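Chemist: Going down the list, the sequences are from chains A and B. Residue numbering for the first sequence follows my numbering, starting at 23 and increasing by one per position. Residue numbering for the second sequence follows my numbering, starting at 23 and increasing by one per position.
Hints in this document: simulated from the structure, not taken from any laboratory. Just to be clear, a hint being listed does not mean it is correct.
One copy or two, it doesn't matter: identical chains are merged, so the pair holds either way.
[To be verified] Okay, derived cross-link-like pairs now, DSS-like style, lysine-lysine, Cα gap no bigger than 30 angstroms in a straight line: (1) Lys28 x Lys172; (2) Lys208 x Lys143; (3) Lys72 x Lys345; (4) Lys345 x Lys292; (5) Lys25 x Lys143; (6) Lys350 x Lys292; (7) Lys246 x Lys350; (8) Lys359 x Lys25; (9) Lys350 x Lys135.
Note that the structure is predicted; figures quoted are calculated from it, not measured.
Number of protein chains: 2
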Amino acid sequence: MAKKIKLGLLGCGTVGTGVLKVLQENYHDIRAKIGNDIEVSKVLVRNLNKKRDFNGDVVLTDNIDDILNDESIDIVVELLGGIHPAREYMLKAMENGKHVVTANKDVLAQFGKDMFDAAEKHDVDFMFEASVAGGIPIITPLKQCLTANKITELIGIVNGTTNYMLTKMTEQGMDYDTALARAQAKGYAEADPTADVAGLDAARKAAILSSIAFNTRVSLEDVKVEGITNITPEDITYAKELGYIIKLLAIAKHTEDGIDVRVHPTFIDKDHPLASVRNVFNAIFIHGNAVGDTMFYGKGAGERPTASAVLADIIDVARDMGKDRFGKIRCTCYEEKQLCPPDKVLSGYYIRLLVEDKPGVLGAIATAFGESNVSLYSVIQKRRVGEFSEIVAITHNVNNNQIEDLKVRLNNLDVVHEISNIIRVVMSQEA
Amino acid sequence: MAKKIKLGLLGCGTVGTGVLKVLQENYHDIRAKIGNDIEVSKVLVRNLNKKRDFNGDVVLTDNIDDILNDESIDIVVELLGGIHPAREYMLKAMENGKHVVTANKDVLAQFGKDMFDAAEKHDVDFMFEASVAGGIPIITPLKQCLTANKITELIGIVNGTTNYMLTKMTEQGMDYDTALARAQAKGYAEADPTADVAGLDAARKAAILSSIAFNTRVSLEDVKVEGITNITPEDITYAKELGYIIKLLAIAKHTEDGIDVRVHPTFIDKDHPLASVRNVFNAIFIHGNAVGDTMFYGKGAGERPTASAVLADIIDVARDMGKDRFGKIRCTCYEEKQLCPPDKVLSGYYIRLLVEDKPGVLGAIATAFGESNVSLYSVIQKRRVGEFSEIVAITHNVNNNQIEDLKVRLNNLDVVHEISNIIRVVMSQEA
């Protein structure tokens, strides 16, 4: 136990700086918990001369081999993000016998299996708690604490940017563009916000979480994705009126028909525990066949919450090192389960229509719903928009085919001016 | 890895039955996760002839030595509850080289150190996730996932019975006795509900959680306890009117002046994440210096949620057995921290008074507050009760001595008919 544990950090941006700061601040306790000294021995940076927001002694290098080939380094902490070169660096590190801790959701969501295979082959630890919702312990709770359960449903708010925007739209009546500008001004959204607002970031996290929850490999391409760009103030207003809140949800279900993983804006009952998750906070709601409903809540990103997760993994590996035994829990995808066929994926839907304002219109529309076998949960007709009337319908659970059929029928009706929006609804019996 | 893992269960009540059922239902997956066969080899029961709510093959015994002396049994699962003889059985099991998994909060809260010492001495695992809030993973998240943090605050709703009663009192206007009768009818409260309503059950859990969160041994006798028996419909009504909800909270703080752990009914801001935790659900809110605010939510008790936690620990130990390495994380109380002196324990207070209805009374009362150096956050005077007026005050944060001094001053005032109730308030800046 006498040997000091040495870390090599790849990247010194927001998260890397957080790791250095929190390790320094909490060093006394972290040392006590590990039972050993620990230090960041080298940090890979792009620019050696850039001023850093950290007041400690750290050796910087711009040469990856200084870290990968340094035999004294025990743990490589990958914080570069993106696929290349992060993936290659991690594989090489494991090949060289180093444990790897990463916050990289991109690599996990697309190449998770390669990483686990390498960890197995080289008998090292591979840890990634920070890859999903930094401030929420969720990977370890799924792999350990809830592992006696069959997880049948996981619903997450896993993107802080879009949750912030939807909160502003809901609580302050902002439109999409204003909410986006506010998120950018606050530093919550990138100059190019596509990955967040189009749901891609959430989809990566959905793939990672569902792989662990369902014990089968779910990759990014298995996740159906829809972003929040089409959400209007009208939709927000109708949602409130009907007793719902609109959230961008990652929904993963393990059904008898297969695995169903999707990310899309969703009407969720205002009394659901997820409905009160505001601003940049994230939360993950899980239903297991033993535990019932549970929820994990916290910050999804940021310097210090993400550092908390990265350091938890580092401490976990360091504790393994003290006992010289690794890989207690490796890849848990021990089965290959099928994806759910589209006609078995059920959801309620909110449908907003502009229709002609004349007698018999509601009847014609109701008939179209009936012919598509889509049963209505509630309908409201209220607002006039120019010469048209607006009708809003909430359906019971139906499948994709039924909704596609309904769209065709509605578009074929002369009295329907436009289908303004269609948004899925988590029916209360579902959640 | 070929040897089948054998369990000995002590007790076959609600939780024991849950463990047998969930292990049977989810056997395929649990086996895959462990990488080994596992079976319940013997179950200790008081009455061999009692009909059991479980359809599997299990060997029952009423002789503890059949389990403690059976060399083929690897893990003893203690589900008897209470101190005696559970404590002695667990110590003996460890002495005989068996790992121990327990749901026993009584033993943990009073004799935790003895248990960890025995585990260390005999190099076995000692696990107790189910001892606090069965359906909420919290021991492992604290020991592993949040371990890089200095935890400064932990606030929990950790008793389902009282949370159910307070929910009914708040949402349906029931009085205390009606709510208790309802809880008893539902099976949420015992015939003798003292341990729940007097806050003792919550205090045990507070001791366990704060020991882990603050890395110092906190025992039951270190926890200040007050139950919900004095909460009246009037208090519930005032709380709502002032924007609060009354919850029985376990509050643990790590301050510069020491460790402060207490259980008492509390006014909590209606927008606090804990305020929306209803009925028998529990939740634990944690603030760490890296992670910020996080919350863990789920069912606190019951056959299957508790079985989920017990089985998680069993699987954890079984995974260790596969690698023949135990005790990765043992006792984490590596320091001895002082309790916070009473004059440093700060809280806001709600104070409800009956006073004479005549000019100058409010002035006299305000003067008493001023002389005790208790500053007022808000005051309402509204209701007449017989010949008296009711005054409700919310104070800023003050210490115990100030409140005791204020009580004496108020009781000495002729115009004060009675101090009807005093309840602590979690001020919003605190939470």
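Chemist: Now, for every hint given, state plainly whether the structure supports it.
Modeler: Do the hints match the structure? See the list:
1. Lys28 x Lys172: between (38 angstroms within a copy, 22 angstroms between copies)
2. Lys208 x Lys143: Classified as neither: same-chain Cα gap 44 angstroms, cross-chain 53 angstroms, threshold 30 angstroms.
3. Lys72 x Lys345: Result: close neither inside a copy nor across copies, 39 angstroms intra and 45 angstroms inter.
4. Lys345 x Lys292: neither (48 angstroms within a copy, 47 angstroms between copies)
5. Lys25 x Lys143: both (25 angstroms within a copy, 24 angstroms between copies)
6. Lys350 x Lys292: neither (41 angstroms within a copy, 42 angstroms between copies)
7. Lys246 x Lys350: neither (33 angstroms within a copy, 40 angstroms between copies)
8. Lys359 x Lys25: between (44 angstroms within a copy, 29 angstroms between copies)
9. Lys350 x Lys135: both (17 angstroms within a copy, 26 angstroms between copies)
Figure legend: structure checked against the earlier numbered hints; hints not met, in rising order: 2, 3, 4, 6, 7.
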